[in-house]
Amino acid sequence: MKKLKSQLSLAFICLILGFMITYQYRISYSKTKIVDTRQISDLVKQNEILKKQKEELDLKVREYQSKIDEIEKSVTIGNEAVEKLKNELDNLRVLSGLNDVEGQGIVITISPVDNVKNNYINQVYATDILDIINELNSSGAEAISINEERYIARTQIREAGAYIKINETKFSPQDKFVIKAIGDPSILEGAFKMPGNILEQNADRIAYTIEKSDNIKILKYNKKIDFKYAKPGR
Amino acid sequence: MLNQEGDEMVPLIGLLIGVLLGIFLKIDIPTSFTAYIPVAILAALDSVFGGARASLEKKFDSDIFISGFFSNIVLAIGLTYLGDTLNVPIYLAAVVVFGSRLFNNFAIIRRIILEKLRSKMKEREE
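Protein chains in written order, with our numbering: chain A, 1 to 234; chain B, 1 to 126.
Everything labelled a hint here was simulated from the structure, so no lab data went into it.
Heads up, the beta-carbon is just placed ideally off N, CA and C, and yes, glycines get one too.
Don't take each hint at face value.
[Said to hold, decoys possible] The calculated DSS-like cross-link candidates involving lysine-lysine, where the alpha carbons are at most 25 Å apart (straight line), are:
no., chain 1, residue 1, chain 2, residue 2
1, B, Lys58, B, Lys120
2, A, Lys231, A, Lys86
3, A, Lys165, A, Lys67
4, A, Lys220, A, Lys176
5, A, Lys3, B, Lys116
6, A, Lys220, A, Lys60
7, B, Lys58, A, Lys5
8, A, Lys165, A, Lys51
9, A, Lys3, B, Lys120
10, A, Lys54, A, Lys170
11, A, Lys60, A, Lys45
12, A, Lys5, B, Lys59
13, A, Lys54, A, Lys224
14, B, Lys59, A, Lys3
15, A, Lys3, B, Lys122
16, A, Lys51, A, Lys176
17, A, Lys224, A, Lys165
18, A, Lys54, A, Lys165
[To be verified] Partial pick of chain A residues on the chain B-facing surface, computed with a CB cut under 7 Å:
no., residue
19, Leu10
20, Met20
21, Ile21
22, Tyr23
23, Thr109
24, Pro112
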């Protein structure tokens, strides 16, 4: 009887041990596999190749876009109705951010302050950018882009892991962000000159410069917009 | 003889059940605890080897065994936790001690088994 009891206790302990070992095994193999340095250099190479490809494809997109513009122009020549339609289309495109636009406005550059006193690394937060855009919109900005990413109705600006994602493009929060806005330069600038404005509030974290410019070019939104669920209502 | 072998199977069956539980039960231990499992495994292994040795030496006491098992695990985890909070790798102490004890116990187990085998051989020769 005593022997059975001791065997059972041993069995119980073995049960716990077996569970722990298999659990640990499962955990350590379900985690992302450790990448060695060779893989990393491969990945870096791939990343570079893909970046080049992306640039080339971006160029092609612009090329084709200019071709489309030419075709549209050639179609409209000599036909009043089509010309009006084309004008309407252009207006709608400006409204939805699907056209390059240029005009006078301001350029705001923000970058995290290198803080020598604190040893934590400063960064720009998505909310900083959102606040600035909100302020720009409230002072009548007609077109806004952040690091050449056009701000449209469906633009998302959010922190995703170690990046800030704008229009699905990743930016490092330690880099500088260039925010361009087209509108009345003095009104736009005025929004950031009032005492207690957002930039001033965060001046200890974020360094900023504001430049007025007469000729700002803001690129169009260059990704596909799908409407799957929203249908025009009556 | 057969009964005795059957008894020795019980811990193995326990181990098997534990392995199966580990594979098929989708229990999620909170991630903050996962760092302590390796040390706990080492402590548990040490206790099991200690228990095996004791039972070979016919000195096995289930109360001592079970209390040793749990207190070893608790102490190992406690040390690791303390080390984590103080930023001192105290868990190394647990790893080294349990590791060396594992080897000690294993050496003794090996000797006992070898002696048993030898005495059996002698009996046969006689």
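Here is what the structure says about each hint:
Restraint check for B:Lys58 and B:Lys120: the C-alpha separation of about 18 Å stays at or below 25 Å, so the hint holds. A threshold of 25 Å between alpha carbons decides the hint, and for A:Lys231 with A:Lys86 the separation of about 23 Å falls inside it, so the pair holds. At roughly 30 Å between alpha-carbon atoms, A:Lys165 and A:Lys67 are farther apart than 25 Å, so this suggested pair is violated. At roughly 21 Å between alpha-carbon atoms, A:Lys220 and A:Lys176 fall within 25 Å of each other, so this suggested pair holds.
At most 25 Å may separate the alpha-carbon atoms for a hinted pair to count; A:Lys3 and B:Lys116 meet this at roughly 20 Å. Between A:Lys220 and A:Lys60 the alpha-carbon distance is near 15 Å, which keeps this suggested pair within the 25 Å criterion. Of the pairs offered as hints, the one joining B:Lys58 and A:Lys5 holds, with about 15 Å between alpha carbons and a cut-off of 25 Å not exceeded. Restraint check for A:Lys165 and A:Lys51: satisfied, since their Cα atoms lie roughly 17 Å apart, inside the 25 Å limit.
Straight-line distance between C-alpha atoms of A:Lys3 and B:Lys120 comes to about 24 Å, which keeps the hinted pair within the 25 Å bound. For the hint linking A:Lys54 to A:Lys170, the alpha-carbon distance of about 14 Å falls within 25 Å, and the restraint holds. Between A:Lys60 and A:Lys45 the CA atoms are separated by roughly 23 Å; this keeps the pair inside 25 Å, and the hint holds. Between A:Lys5 and B:Lys59, the direct Cα distance comes to roughly 14 Å. Compliance with the 25 Å bound is thereby established for this hinted pair.
About 15 Å separates the Cα atoms of A:Lys54 and A:Lys224, which keeps this hinted pair within 25 Å; it holds. Between the alpha carbons of B:Lys59 and A:Lys3 the distance comes to roughly 11 Å, so the proposed pair stays at or under 25 Å and holds. Between A:Lys3 and B:Lys122 the CA atoms are separated by roughly 28 Å; this puts the pair beyond 25 Å, and the hint is violated. Under the criterion of a C-alpha separation no larger than 25 Å, the hint pairing A:Lys51 with A:Lys176 is consistent with the structure, at around 20 Å.
A hinted pair counts as satisfied when its Cα atoms are at most 25 Å apart, and A:Lys224 with A:Lys165 qualifies at roughly 17 Å. Proximity of A:Lys54 to A:Lys165 is assessed by CA-CA distance (about 17 Å); at most 25 Å being required, the pair is judged to hold. Of the supplied interface hints, the one on A:Leu10 holds, with its beta-carbon coming within about 4 Å of a beta-carbon of chain B, less than 7 Å. Hint status for A:Met20 relative to chain B: holds, with the closest Cβ pair at about 5 Å, below 7 Å.
Of the supplied interface hints, the one on A:Ile21 holds, with its beta-carbon coming within about 6 Å of a beta-carbon of chain B, less than 7 Å. Among the interface hints, the one on A:Tyr23 holds; its C-beta lies about 5 Å from the nearest C-beta in chain B, closer than the 7 Å criterion. The restraint placing A:Thr109 at the interface with chain B is violated, with a minimum CB-CB distance near 39 Å, outside the 7 Å limit. Given the 7 Å rule on beta carbons, the hint for A:Pro112 is violated: about 28 Å separates it from the nearest Cβ of chain B.
The earlier numbered hints that this structure contradicts are 3, 15, 23 and 24.
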